[in-house]
Amino acid sequence: MNRVWSWLALGVGLLYFFLPLLGTLEFSLRKRKGEYSLDAYTAVFADPAFRATLGYSVGMALLTIVFGVLLVVPTAYWVRLKLPRLRPWVEFITLLPLVIPAIVIVFGYIRLYNTSSFLPLTGSASGTNLLLMFGYATLALPYMYRAVDTGLRTIDIGTLTEAAQSLGAGWVTILGRIILPNVLVAVLSGAFLTFAIVIGEFTLAALLNRPAFGPYMQLLGANKAYEPAALAVIAFAITWACMGLIQLVTRFSNHTRVNA
Amino acid sequence: MTFLSISHLEKSFGANRVVKDFNLPIEKGEFVSLLGPSGCGKTTVLRIVAGFESPSSGSVTIDGQDVTGLRPNDRNIGMVFQAYALFPNLTVAQNVAFGLKVKGVAKAEAEARVAEMLRLIGLPDLGGRYPYQLSGGQQQRVALARALAVRPRVLLLDEPLSALDAKIRVSLRSEIREIQRELGITTVFVTHDQEEALSMSDRVVVMNGGIAEQVGTPFEVYNRPTTRFVATFVGTLNLFEAEADGQGLRIAGVPVRLPEAVEAARGGRLSVALRPESLHLGGGEVTLPATVEAVEFLGSILRLRLRVAGVLVALDTFNRADAPPPALGRAVEVGFSARDLVVLNG
Numbered sequence: 001m002n003r004v005w006s007w008l009a010l011g012v013g014l015l016y017f018f019l020p021l022l023g024t025l026e027f028s029l030r031k032r033k034g035e036y037s038l039d040a041y042t043a044v045f046a047d048p049a050f051r052a053t054l055g056y057s058v059g060m061a062l063l064t065i066v067f068g069v070l071l072v073v074p075t076a077y078w079v080r081l082k083l084p085r086l087r088p089w090v091e092f093i094t095l096l097p098l099v100i101p102a103i104v105i106v107f108g109y110i111r112l113y114n115t116s117s118f119l120p121l122t123g124s125a126s127g128t129n130l131l132l133m134f135g136y137a138t139l140a141l142p143y144m145y146r147a148v149d150t151g152l153r154t155i156d157i158g159t160l161t162e163a164a165q166s167l168g169a170g171w172v173t174i175l176g177r178i179i180l181p182n183v184l185v186a187v188l189s190g191a192f193l194t195f196a197i198v199i200g201e202f203t204l205a206a207l208l209n210r211p212a213f214g215p216y217m218q219l220l221g222a223n224k225a226y227e228p229a230a231l232a233v234i235a236f237a238i239t240w241a242c243m244g245l246i247q248l249v250t251r252f253s254n255h256t257r258v259n260a
Numbered sequence: 001m002t003f004l005s006i007s008h009l010e011k012s013f014g015a016n017r018v019v020k021d022f023n024l025p026i027e028k029g030e031f032v033s034l035l036g037p038s039g040c041g042k043t044t045v046l047r048i049v050a051g052f053e054s055p056s057s058g059s060v061t062i063d064g065q066d067v068t069g070l071r072p073n074d075r076n077i078g079m080v081f082q083a084y085a086l087f088p089n090l091t092v093a094q095n096v097a098f099g100l101k102v103k104g105v106a107k108a109e110a111e112a113r114v115a116e117m118l119r120l121i122g123l124p125d126l127g128g129r130y131p132y133q134l135s136g137g138q139q140q141r142v143a144l145a146r147a148l149a150v151r152p153r154v155l156l157l158d159e160p161l162s163a164l165d166a167k168i169r170v171s172l173r174s175e176i177r178e179i180q181r182e183l184g185i186t187t188v189f190v191t192h193d194q195e196e197a198l199s200m201s202d203r204v205v206v207m208n209g210g211i212a213e214q215v216g217t218p219f220e221v222y223n224r225p226t227t228r229f230v231a232t233f234v235g236t237l238n239l240f241e242a243e244a245d246g247q248g249l250r251i252a253g254v255p256v257r258l259p260e261a262v263e264a265a266r267g268g269r270l271s272v273a274l275r276p277e278s279l280h281l282g283g284g285e286v287t288l289p290a291t292v293e294a295v296e297f298l299g300s301i302l303r304l305r306l307r308v309a310g311v312l313v314a315l316d317t318f319n320r321a322d323a324p325p326p327a328l329g330r331a332v333e334v335g336f337s338a339r340d341l342v343v344l345n346g
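If you're matching them up, the sequences are chains B and F in order.
Numbered according to the UniProt record's numbering, the first sequence spans residues 1 to 260.
Numbered according to the UniProt record's numbering, the second sequence spans residues 1 to 346.
Just so you know, not all the hints are guaranteed correct.
[To be verified] Calculated lysine-lysine pairs in the BS3-like style (CA-CA distance at most 30 angstroms, straight line): (1) B:Lys82 / F:Lys103; (2) B:Lys224 / B:Lys33; (3) F:Lys28 / F:Lys103; (4) F:Lys20 / B:Lys82; (5) F:Lys28 / B:Lys82; (6) F:Lys101 / F:Lys167.
It is worth saying that the hints were derived from the structure and are not from the lab.
Note that the structure is predicted; figures quoted are calculated from it, not measured.
Given only the sequences and the hints, what does the whole structure look like? Please build it.
Following this line, the structure appears as structure tokens:
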């Protein structure tokens, strides 16, 4: 009897998640009257704005990942190694982006970094891009920090650090050759999550007026019928590809590295 | 000539003084063990020598150079850890080559050194393996090779055998000692295992409460412990309360004339100690009545538990097939030589 309820719960859950997705997929294929076709997808892929915004967002995502890794890995490592008492505080700070809406962050940015401020980042496209990247890194911080911190927990960073030090290694060598490679799977998990967040992000990009994929999806949704559904399916595919890559990397890593 | 000198070392964590005025001169090529129970400060001393901890006061010099203020990566000290600490992302050969690469040793020379080290530890064919593909003993040997590859001035071993099973521990300790002798490297070994310390070391430092209670050869530390702590911590020991009358002692009312070599007490009550192997069944120079309470079979040794003057003592005798142990409860005589008595100070 218990088993029946389990299957029922699973079935309801799957329907809840997949039914809208199937509906969207089905709708995206109905652009041509009376038959299924990929016309909506063709239209989306043929749109230069699609390629431009997706390319922009992918580039921003990669920059955000690099910045996030450079910021989070040394921070999480140092907090674990030298400042363990500060861990609850650092965790709290990294969680703040989850409770502070993106719109509050972006209005704060605009107010702080406008053209009449001491650091007028919004005065140029590259400055605004930089601001947007910082914003993305902030939004991704809870995921990136947790992923890296979990990775660090699985290795004895204290002893590995001391072993490397006794062999003459300095901090950069230790971080680059010992710590980072050993938490690479965790870093990649954080990186893929960051990628997924950046690709779909709307608020920051729209309010900073940058040509990102999120605002493009919104624009398309406001003006077309079938293309937004096709875009939603494409966005899902990108996100799932990221999740699949996390799984793949995790599985691959099990063959190459184990505990210290 | 002192090669590694630890002078007036003090270390406090808050109000807790874990190392108190610790002094230890070590000769070049010497193998010295720091032996003591958990929390006695032995690992702290080692970590200060390695540079992982800063002393509250005191200094560490190596080959005449004061290294107290140097960073660990500038000291050229090799260290082997209890938890192996091999880099999981690197192969055995890459682990051994790590320090050489950091120091900028030329590739060909580094490869030759790695091969030499792997031969030295008896694992010449395992260079391509990852640490997780090795047993604990093999991992610790690789850790030793990695520490030695950079030709350190001093080798520090922080309980390197504790995580291994008993059989491998015994074989690895003689391997480590052999390699140390072969290379002639000055070595400080931290352990809480007295058997390891006594079997491997040129000298043993018995530590307790942050101080060195006794420094001596394994023979001295075992046979002539100078404090009650050393006597009880190193080996099994029988303690007797005795009364001194200026000329000798009285143990359980039996007079014992002390030889000149054994310092006579100035009078009053004191503690004297005897190793189990210093006692024998039957009469001797000093004879005490005893009752057999238990017999423990330890293979080549029989350990008898005897009640002597109200004190339970251990007596070790060789196991001989033609001499079965006495029955439990039997009254026997226990003899010993006054020369073997150790008068305890602390």
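Legend entry - Hint check, failures only: Violated hints: 5 and 6; rest satisfied.
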